[in-house]
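Student: Take a look at the letters that make up each chain.
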Amino acid sequence: GAGVSQTPSNKVTEKGKYVELRCDPISGHTALYWYRQSLGQGPEFLIYFQGTGAADDSGLPNDRFFAVRPEGSVSTLKIQRTERGDSAVYLCASSPTTSGRSSEQFFGPGTRLTVL
Amino acid sequence: GDSVTQMEGPVTLSEEAFLTINCTYTATGYPSLFWYVQYPGEGLQLLLKATKADDKGSNKGFEATYRKETTSFHLEKGSVQVSDSAVYFCALSVPSGGSNYKLTFGKGTLLTVNP
Chain A
160 GAGVSQTPSN
170 KVTEKGKYVE
180 LRCDPISGHT
190 ALYWYRQSLG
200 QGPEFLIYFQ
210 GTGAADDSGL
220 PNDRFFAVRP
230 EGSVSTLKIQ
240 RTERGDSAVY
250 LCASSPTTSG
260 RSSEQFFGPG
270 TRLTVL
Chain Y
1100 GDSVTQMEGP
1110 VTLSEEAFLT
1120 INCTYTATGY
1130 PSLFWYVQYP
1140 GEGLQLLLKA
1150 TKADDKGSNK
1160 GFEATYRKET
1170 TSFHLEKGSV
1180 QVSDSAVYFC
1190 ALSVPSGGSN
1200 YKLTFGKGTL
1210 LTVNP
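The listed protein sequences derive, respectively, from chains A and Y. In this text, residue positions in the first sequence follow the working numbering: the first is 160, and each later residue adds one. In this text, residue positions in the second sequence follow the working numbering: the first is 1100, and each later residue adds one.
Next comes chain A alone, as it looks inside the complex (with noise of 0.2 Å):
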């Protein structure tokens, strides 16, 4: 069975653009959740959906980070007027919820975006 996957691996943009990262969950798995990981630094919880609802939006850093899951698979979290500190490798995770306190979350290979 296929893992998680994100696309693009790799995306260079100039400040001020707006950009789409997707993310396609493992088959099955209602829980989905995004992360960051700036140079040097562990991943920083961003947004949770369970289905298709954002449960938990507590980690955008401002209203310029939106993401949406509309079918609850795939998601695309969506990043307008970009800014060079935005610069990072955005994780997606994915997780059966049965699983509870045990979950593990499976990670894709994430998106490095960088803004000029």
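Honestly, the hints are just simulated from the structure, not real lab data. The beta-carbon is built from N, C-alpha and C at its ideal position, and this holds for glycine as well. Careful, some of the hints might be misleading.
Label-pair ranges, simulated between beta-carbon atoms [as the list claims (entries may be wrong)]:
| no. | chain 1 | residue 1 | chain 2 | residue 2 | range |
| --- | --- | --- | --- | --- | --- |
| 1 | A | Arg223 | Y | Glu1141 | 26 to 32 Å |
| 2 | A | Thr211 | Y | Arg1166 | 37 to 43 Å |
| 3 | A | Arg271 | Y | Glu1114 | 27 to 33 Å |
| 4 | Y | Thr1119 | A | Arg271 | 30 to 36 Å |
| 5 | Y | Lys1151 | A | Arg240 | 41 to 47 Å |
| 6 | A | Val227 | Y | Ser1195 | 19 to 25 Å |
| 7 | A | Pro220 | Y | Thr1169 | 31 to 37 Å |
| 8 | Y | Ala1116 | A | Leu275 | 41 to 47 Å |
| 9 | Y | Gly1140 | A | Lys174 | 27 to 33 Å |
| 10 | Y | Ala1116 | A | Gly162 | 30 to 36 Å |
| 11 | Y | Glu1141 | A | Thr211 | 26 to 32 Å |
| 12 | Y | Ala1116 | A | Asp222 | 47 to 53 Å |
| 13 | Y | Gly1128 | A | Gly162 | 27 to 33 Å |
Could you slot chain Y onto chain A? The hints should help.
Tutor: Only chain Y this time, still in chain A's reference frame:
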């Protein structure tokens, strides 16, 4: 809030040496604890986990014991191999809002094992 502090790297060892990577945490509730590993060129993957106090997680010769009294979850391996070279992340999750198990990570520790 929740936080994880882990040993600063990088750590360089010779093959067959003993490994310890320290990890301590603060949590608002009763966390589950994890070690994730990132091999060169690969994505994050779960190495081991423990969900309650005194549990020991183990995998691939690595072990970590959930110590509630010292709020620690140190990673150990008795004899490292070159193939263990990777970045290791300690993490916790505290259930919030039903089935939300978002992870809080430490900064990561780069381990290099030389032959």
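Student: So, for every hint listed, does it hold in this structure?
Tutor: A quick look at each hint next to the structure:
1. A:Arg223 to Y:Glu1141: 26 to 32 Å: Given range 26 to 32 Å: holds, Cβ gap about 30 Å.
2. A:Thr211 to Y:Arg1166: 37 to 43 Å: holds, 39 Å
3. A:Arg271 to Y:Glu1114: 27 to 33 Å: holds, 31 Å
4. Y:Thr1119 to A:Arg271: 30 to 36 Å: holds, 31 Å
5. Y:Lys1151 to A:Arg240: 41 to 47 Å: holds, 45 Å
6. A:Val227 to Y:Ser1195: 19 to 25 Å: The hinted range 19 to 25 Å holds for A:Val227 and Y:Ser1195, with Cβ atoms some 22 Å apart.
7. A:Pro220 to Y:Thr1169: 31 to 37 Å: With a Cβ separation near 33 Å, A:Pro220 and Y:Thr1169 satisfy 31 to 37 Å, so the hint holds.
8. Y:Ala1116 to A:Leu275: 41 to 47 Å: Once the Cβ atoms are compared, 43 Å apart, the range 41 to 47 Å for A:Leu275 and Y:Ala1116 holds.
9. Y:Gly1140 to A:Lys174: 27 to 33 Å: The hint (27 to 33 Å, Cβ to Cβ) holds, given that Y:Gly1140 and A:Lys174 are roughly 29 Å apart.
10. Y:Ala1116 to A:Gly162: 30 to 36 Å: This hint holds: roughly 32 Å between Cβ atoms.
11. Y:Glu1141 to A:Thr211: 26 to 32 Å: For A:Thr211 against Y:Glu1141, whose Cβ atoms are near 30 Å apart, the range 26 to 32 Å holds.
12. Y:Ala1116 to A:Asp222: 47 to 53 Å: Holds: the Cβ-Cβ distance is about 49 Å, inside 47 to 53 Å.
13. Y:Gly1128 to A:Gly162: 27 to 33 Å: For Y:Gly1128 and A:Gly162 the Cβ distance comes to about 30 Å; the hint holds.
Violation of the numbered hints given earlier is absent; every hint is satisfied by the structure.
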